[in-house]
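Q: Sequence:
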Amino acid sequence: MISVLSSGSRELAADAQPTAEVATRVRYVVLLLTVAAYMITYLDRVLLSTAVPSIQKEFGFSLITMGWVMGAYQIAYAAFQIPGGWLGDRLGARWALAGVVVWWSAFTACIPFTWSAISMAVCLFLFGMGEAGAFPIATRSLSRWMLPAERGIAQGATHAGSRLGGALTPVLAVALIAQFGWRMPFYTFALVGIAWAAVWFGFYRDTPGEHHKTNPAERRLLATALGTAPGRSVRVPWRQILTQRQTWVLSAMYCCYGYDIGIFLTWFPKYLQASRGLDLRQMGLYASLPLLAGFAGDLCGGALSDFLVRSRGNLKLARRAVSTGGFLLTALAIPLATFASDAGASVGYFCIAVFGLELTVGVSWAITLDIGGDYAGSVSAVMNTLGNIGAAAAVALTGYIVASSGWHAAFLVLAGLAVLAAILSWQIDASQRLRLDSPALSP
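Heads up: the sequence shown runs through residues 12 to 454, numbered per the working numbering.
FYI, nobody ran anything at the bench for these hints, they're computed from the structure.
Even glycine gets a Cβ: it sits at the ideal position worked out from N, Cα and C.
Each hint should be verified, as a subset may be incorrect.
[Unchecked claim] Label-pair distances were calculated between CB atoms; the ranges are:
1) V40 to F70: 38 to 44 Å
2) F212 to S73: 16 to 22 Å
3) G82 to G213: 35 to 41 Å
4) F214 to F191: 52 to 58 Å
5) R250 to A186: 46 to 52 Å
[Said to hold, decoys possible] Think about it this way: if two alpha-carbon atoms lie no more than 20 Å apart in a straight line, the pair counts; the simulated SDA-like pairs of lysine to any residue are:
6) K327 to W437
7) K224 to L158
8) K281 to A420
9) K327 to A263
10) K327 to L431
11) K224 to Y39
12) K281 to A298
13) K224 to V40
14) K327 to V260
15) K281 to L158
16) K281 to S416
From just these sequences and the hints, can you work out the full model?
A: Structure (structure tokens):
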């Protein structure tokens, strides 16, 4: 009898034990929406270049005039990276990202109404102001939502989304232009951006604790890994961010990356035509292959870095190994590509080079989360400003280098910068947060 009672008591006690609650996965929906935002930035950005022939035909703009018109966007995009990052850290990503997407979508819709080179340049400048905040604010949006071991794949996925958006745009835009004229894609893509902003504002919250769909288990999981802090309305400690060595080592590394990838986004088709003698059809195919390799690199770099974090438990080594390895792969592949006698082999080596470059991207943006915390938007804005300065320098200087020394010299500069970037990346310690004041609530 006593045995039966004892057994029953044990069963009742077992039944009374609380079962472990499974954490919800709201953070993955947040990541999916952020990937979509990255895709939309490149949908709208690449749309501009896709529509250039039709715009030139209608308005009679020369190549020089069109270059200055397009340059208005690039100037604004580089100049407003830091203000965009500040906006995300100041207001929180919910309001800031929805706001900038609506802003640039509105000016996307305004482009068809421009009537001169000056009016179009002004419109594109305002468009660039909005897009400049996209990447820093989107990075900020993940700072309270992604675990340290998920940040690499998260940033790799977002940048892969941007590359995929850029690859899809010509197909979509050309189909719309052929059917309805060059203005229709601008209206269509603007509506896509506004619809995304509405979904984002309705679903996203600046911290997991504010989101009604997160359960206590997911909130505890994120709070244990990331701590707790205000998700918005903080004063950004710019002096501390800008006076710490790690900020500038990371930014200098990304400047080298920006120069290298800038060549493949601007001069590479011309190289294939002028140096390799490819016709228009071949050039279009071959020019797209390195960017497709970059898409794979974005996914693989972040995933590999996070795998190393989980398996080795060493955040510093995981970030360093992937980033440094990617840059060294690029430095090795570019000379092989440049001096290859066969065009197909050359493009194959260039695919390896861009794959190596893009291995580093998810890692670089994950590091801004690792070291920046609640100020990741501002830290990433500084990094991306230097990256865009590097890309602008690549566009401007390559023409002079080719004219004076040829294409071999122009691409060997890329290899040299990749070596420099590898050296810089090995000096970055992602496990060491920037020494910043605690967030101070705004008055």
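Q: It remains to establish, for every hint, whether it holds in the given structure.
A: A quick look at each hint next to the structure:
{"no.": "1", "hint": "V40 to F70: 38 to 44 Å", "result": "holds (43 Å)"}
{"no.": "2", "hint": "F212 to S73: 16 to 22 Å", "result": "violated (42 Å)"}
{"no.": "3", "hint": "G82 to G213: 35 to 41 Å", "result": "holds (36 Å)"}
{"no.": "4", "hint": "F214 to F191: 52 to 58 Å", "result": "violated (32 Å)"}
{"no.": "5", "hint": "R250 to A186: 46 to 52 Å", "result": "holds (50 Å)"}
{"no.": "6", "hint": "K327 to W437", "result": "holds (9 Å)"}
{"no.": "7", "hint": "K224 to L158", "result": "holds (18 Å)"}
{"no.": "8", "hint": "K281 to A420", "result": "holds (15 Å)"}
{"no.": "9", "hint": "K327 to A263", "result": "holds (18 Å)"}
{"no.": "10", "hint": "K327 to L431", "result": "holds (19 Å)"}
{"no.": "11", "hint": "K224 to Y39", "result": "holds (12 Å)"}
{"no.": "12", "hint": "K281 to A298", "result": "holds (9 Å)"}
{"no.": "13", "hint": "K224 to V40", "result": "holds (11 Å)"}
{"no.": "14", "hint": "K327 to V260", "result": "holds (15 Å)"}
{"no.": "15", "hint": "K281 to L158", "result": "violated (42 Å)"}
{"no.": "16", "hint": "K281 to S416", "result": "holds (16 Å)"}
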